[in-house]
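J.: One letter stands for each residue in the lines below.
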Amino acid sequence: MGFVFVLLIFSWISLFTGVRDIHYSELWHDQDKLLVFLNSRIPRTLALGLIGSGSGIAGLIMQQLSQNRFVSPTTSGALDAAKMGVLMALIWIPDVSLMGRLFFSLGFTFLFSMLFILFVSKIQIKNNVFIPLVGIMFGSILNAVSTFFAFKNNIVQNVQEWLLGDFSAILQGQYEAIYFILPAVVVAYFYAEKFTLAGMGHSFAVNLGMSYTSIVNIGLLTVSLVVSVSVITVGVIPFVGLIVPNMVRLFVGDNIRKSLPVIAFSGAIFLLFCDILGRIIVYPYEIPIGVTVGVIGGILFLVLILKKRG
Amino acid sequence: MKNRDKFILIIGVLVIAIGLFVAFDLKGNLSYILSRRLIRLGTMLVVGISVGVSSVIFQTITGNRILTPSIMGYESIFILFQTLIVFILGDQALQAISQEANFFLAICLMLLFSLGMYFLVFNNQHKNMFYLLLIGMVMGALFQSASQFMHILIDPNAFSVIQNFMFVSFSKMNTKLLAIAAGTLFFTLIYLRKLMPYLDVLRLGREQAINLGVNYNRLVKQLLFVISLLVSVSTALVGPITFLGILVSNLTYELLKTHKHAWLLTYCAVLSCVCLIAGQFLIEHVLQFSTTVSIVINFIGAVYFMFLLWKTRKLIR
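Protein chains in written order, with this note's numbering: chain A, 1 to 310; chain B, 1 to 317.
Be a bit skeptical, because a hint or two may be false.
Claimed, not checked - Straight-line Cα separation of at most 25 angstroms, DMTMM-like style, residue types lysine to aspartate or glutamate; simulated pairs: (1) 152(A) - 284(B); (2) 27(B) - 284(B); (3) 33(A) - 176(A); (4) 307(A) - 254(A); (5) 311(B) - 254(B); (6) 152(A) - 25(B).
What the hints assert, rightly or not - Computed, partial: chain A to chain B, Cβ under 8 angstroms: (7) 129; (8) 130; (9) 132; (10) 134; (11) 137; (12) 141; (13) 144; (14) 145; (15) 280; (16) 282; (17) 283; (18) 284; (19) 295; (20) 299; (21) 301; (22) 305.
Keep in mind the hints are simulated off the structure, nothing from the lab.
All values reported here derive from a predicted model rather than from experimental measurement.
All C-beta atoms, glycine included, are put in the ideal place defined by N, C-alpha and C.
With these hints in hand, go ahead and build the complete structure from the sequences.
T.: Written as structure tokens, this is what we have:
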């Protein structure tokens, strides 16, 4: 219950923080402020919450499937694959719609995550750090390819600009794709234990009467949906899927039924916190959330690695 | 083939690459084009030597073939330092701080950083290499985010100073910085010459080196200083080229079956110049891509790195 409370507080702060000074009592008789509130503040806060909890859950699913704590969209190349998908959509179909971009990015992410999970299941060593290392390298290969094509088409700078995670452009009418995250969250709730079992390996899962392939596919599709939706609506936000589940499990334990709701809530809280911070530090300007999360998340991840080693 | 012949061969290749790069398709305003090309050539030579030498030294002192300074986040921290200096000093002076002053201040900070690296890598001998690698990569990403963070806070006038650091490009025409960087490289190499014989001993491992009478801790610190200087030189000139070092150093080990650092260092330096110059030539004139060589090198290097990881995975069960 504490988490719900904290989430509500942060949402409240997020709703009433910004260049336009809005007080809740003014909403009812100031048309102008009400418009800002409805068109910008509410969509932004909703997007932050949804993407935060979606990313946390996506990270958890990947960690269950690969049975490795350091695997996440950031450390498996999934984020880079989503980026590549958006880029390819723009290159092949210049005036591609939002749905078209989502479709491309979803396809790329799914394909490359499948490749990665296949790779993880093929190498028998489950060394904690080896797999995320390979994932990061995989991501940088994808990135090099994307940069190459972006260079060829002269859009490097544009790509860098709009792929840096940033919520300030979230307005009514441009963010609705994030509602696709909701079904992903629901799926995660229903399949949570099954992902864990599938992570134990093919024969183990089949022995327990599960269809291994379909479970893995559902898991990866869920992850890909969350990742590509957040990449096309707000850009790349690193580390969330990695840190949130790990931090939560340090406190709540490994029981996925217990930790799943906590992960969903703390993912949302983490993003809200980072975004509010980014809005306050250089007020009246803003620091993109991709950068804030990159700094805070990077430090937390280092702490996690150093702690795990002991 | 003897090592000497291999060396002559690679020098020959370098000369051909340089000749092609400078003289190919030379028409129009000769003095303008020639001076432009020569400056770029100079930049690539300085960068190639720095990257090749620093990678081999780092691999010798860490005792493995997968770690290089750039993979351990050296380049990103240099950029972070440059940004930090502009961030702190940029506002005070009426005009923004000059690139040269920035270069020297950032080098001083790099020397401090190499002490930190010393404690991270060498203080605890039992550390798993893959942990170090992951830590290095995360630090690199973190430093990048931190630099970006400061870029947003920096005053736009001051930002123009650091804007150059962010993208790898061999077409920058900064002769003053090139001269300073070349000078730094020159003196660093002279200093390194004195340490060269010890490198061969260091290759045998920490215990053996100490047994043979090397002051291990001091030597490693000195070498880390050298590495910081070299990385600063290459990063200040063209920005980060993450995977060049790992590519050329491992190619050198494959091609030269020797452990003598006099050979390894020179060969690797020449090889990385060849990679840069020939690569840039091929991309510009043969393939006619409007891309820079670093993207291609990063791609090949990353694939090669995966291969190396794959090969070494059996050792770490």
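J.: Has the given pair, residue 307(A) with residue 254(A), been kept, meaning a C-alpha gap of at most 25 angstroms?
T.: With a Cα-Cα distance of about 17 angstroms, the restraint between residue 307(A) and residue 254(A) holds, given a limit of 25 angstroms.
J.: So if I understand the rule, the pair passes when the alpha-carbon distance is 25 angstroms or less; does residue 27(B) with residue 284(B) pass?
T.: 16 angstroms, holds
J.: Can residue 132(A) be said to touch chain B, with a Cβ gap under 8 angstroms?
T.: 6 angstroms, holds
J.: Checking hints one by one. Is residue 280(A) an interface residue toward chain B, by the C-beta closer than 8 angstroms rule?
T.: 13 angstroms, violated
J.: Quick one, is the residue 301(A) hint okay against chain B at 8 angstroms, beta carbons?
T.: For residue 301(A), the interface hint holds, since the closest Cβ of chain B sits about 5 angstroms away, which is under 8 angstroms.
J.: Under 8 angstroms is the threshold here; is the Cβ of residue 284(A) close enough to any Cβ of chain B for the hint to stand?
T.: 13 angstroms, violated
J.: Can residue 141(A) be said to touch chain B, with a Cβ gap under 8 angstroms?
T.: With a minimum Cβ separation of about 4 angstroms from chain B (threshold 8 angstroms), the hint on residue 141(A) holds.
J.: Just to be careful: measuring from the Cβ of residue 305(A) to every Cβ in chain B, is the smallest value less than 8 angstroms?
T.: Check passed: Cβ of residue 305(A) comes within 6 angstroms of chain B, closer than 8 angstroms.
J.: Would you check whether residue 295(A) satisfies its interface hint, that is, whether its CB is within less than 8 angstroms of any CB in chain B?
T.: Cβ of residue 295(A) sits 5 angstroms from chain B, so the hint holds.
J.: Does the structure keep residue 33(A) and residue 176(A) at a Cα separation of 25 angstroms or less?
T.: It holds: about 22 angstroms lies between the C-alpha atoms, which stays within 25 angstroms.
J.: With a cut-off of 8 angstroms, does the beta carbon of residue 137(A) approach a beta carbon of chain B closely enough for the hint to hold?
T.: 5 angstroms, holds
J.: Hint residue 144(A) vs chain B: min CB-CB distance below 8 angstroms?
T.: 4 angstroms, holds
In terms of the numbered hints stated before, the structure departs from hints 15, 17, 18, listed from lowest to highest.
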